[in-house]
Amino acid sequence: AQTVTQSQPEMSVQEAETVTLSCTYDTSESDYYLFWYKQPPSRQMILVIRQEAYKQQNATENRFSVNFQKAAKSFSLKISDSQLGDAAMYFCAYKTSYDKVIFGPGTSLSVIP
Amino acid sequence: DAGVIQSPRHEVTEMGQEVTLRCKPISGHDYLFWYRQTMMRGLELLIYFNNNVPIDDSGMPEDRFSAKMPNASFSTLKIQPSEPRDSAVYFCASSGSRGGNQPQHFGDGTRLSIL
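In order, the protein sequence lines correspond to chains A and B. By the count of the working numbering, the first sequence reaches residue 113 at its end, each step adding exactly one. By the count of the working numbering, the second sequence reaches residue 228 at its end, each step adding exactly one.
Isolated chain A, as found in the complex:
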C-alpha cells in the first residue's frame, strides 16, 4: 500500500528566509503524481504545486519549488522569501493515475516576523 510521510510536524521560518518541508512516500508504481497542498487557518485546501513522476525537471510556481528525487522517493517543498501569508498547514499528497489521493499527516509552518 502506498504511504506518505512528513517527518516534521512543525517548522518555523523567519520572514524573507527560505524553508524546506520534507515528504517521502512509499510505492511500487512507476507512474504517479505528487502534490503539495496548503491549508491556512481559514481551513481551505489550496493546491500549491504538482509534479508528474515521469518528468525529471522539478516543478516551480513563483516562490514555491520542489526537489523531486524519484529513486529516493522524496518530494520536498522549498518556499523562498517566506511571507506571513505562508503560515499554514502543508500537506504532501500522492496519486496514481485516476485513483484516490493519499495525504501525509501535514507540517505546520509558522512564519516569524
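Mixed in with the good hints there might be a few duds.
[Claimed, not checked] The calculated lysine-lysine pairs, modelled on DSBU-like cross-linking and capped at a C-alpha distance of 35 Å, are:
| hint | chain 1 | residue 1 | chain 2 | residue 2 |
| --- | --- | --- | --- | --- |
| 1 | B | K181 | B | K191 |
| 2 | A | K55 | A | K70 |
| 3 | A | K100 | B | K181 |
| 4 | B | K137 | A | K55 |
| 5 | A | K100 | B | K137 |
| 6 | A | K100 | B | K191 |
| 7 | A | K73 | A | K100 |
| 8 | A | K55 | A | K78 |
| 9 | A | K55 | A | K100 |
| 10 | B | K137 | A | K78 |
| 11 | B | K191 | B | K137 |
| 12 | B | K137 | B | K181 |
[What the hints assert, rightly or not] Pairwise CB distance ranges, derived in the manner of DEER restraints:
| hint | chain 1 | residue 1 | chain 2 | residue 2 | range |
| --- | --- | --- | --- | --- | --- |
| 13 | A | Q83 | B | R224 | 23 to 31 Å |
| 14 | B | G172 | A | D26 | 16 to 24 Å |
| 15 | B | G141 | A | Q44 | 18 to 26 Å |
| 16 | B | D169 | A | I112 | 24 to 32 Å |
| 17 | A | A71 | B | G155 | 24 to 32 Å |
| 18 | B | D169 | A | P105 | 19 to 27 Å |
| 19 | A | Q2 | B | D170 | 17 to 25 Å |
| 20 | B | R154 | A | K78 | 27 to 35 Å |
Read the hints as simulated data drawn from the structure, not as lab findings. Quick reminder that beta carbons are idealized off the backbone N, C-alpha and C, glycines included.
Given the structure of chain A, go ahead and fit chain B onto it with the hints provided.
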C-alpha cells in the same frame, strides 16, 4: 468558475440527531471524494465516487455513515445517529479524469460539532 460548494459551513447538533452534509462538485468533474479531518487522525478519505458510482467506501467508519450521489452535481454524506466523536471538519473534493495529474479541488468544508 464556481468551485466545490459545501453546505452547511457549520453544523451544531445534539447527539443522536441525523446530520446531512451536502456537496456540489465542479461541473464536468467525474470524481467526488468525502474526507474527514481531525487533529488526532488528520485527513481521512471516507468514500469516493466515479461517475456517481461509489468506488471505495472502506474509509467509512461504521454503518452510521452513508453517502449518496444521485446525480453528477450533488452528493450527500449522512450520519445517523450522530455521536460526539463524529465532531470534525468534513471536506468534499472533486477532480476530473482528463490526465492523471488532475488535482483534487476542495470545498470550504463543514465544521460539525455534536454535543
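Kindly indicate which numbered hints from before are broken by the structure, ordering the numbers from low to high.
16
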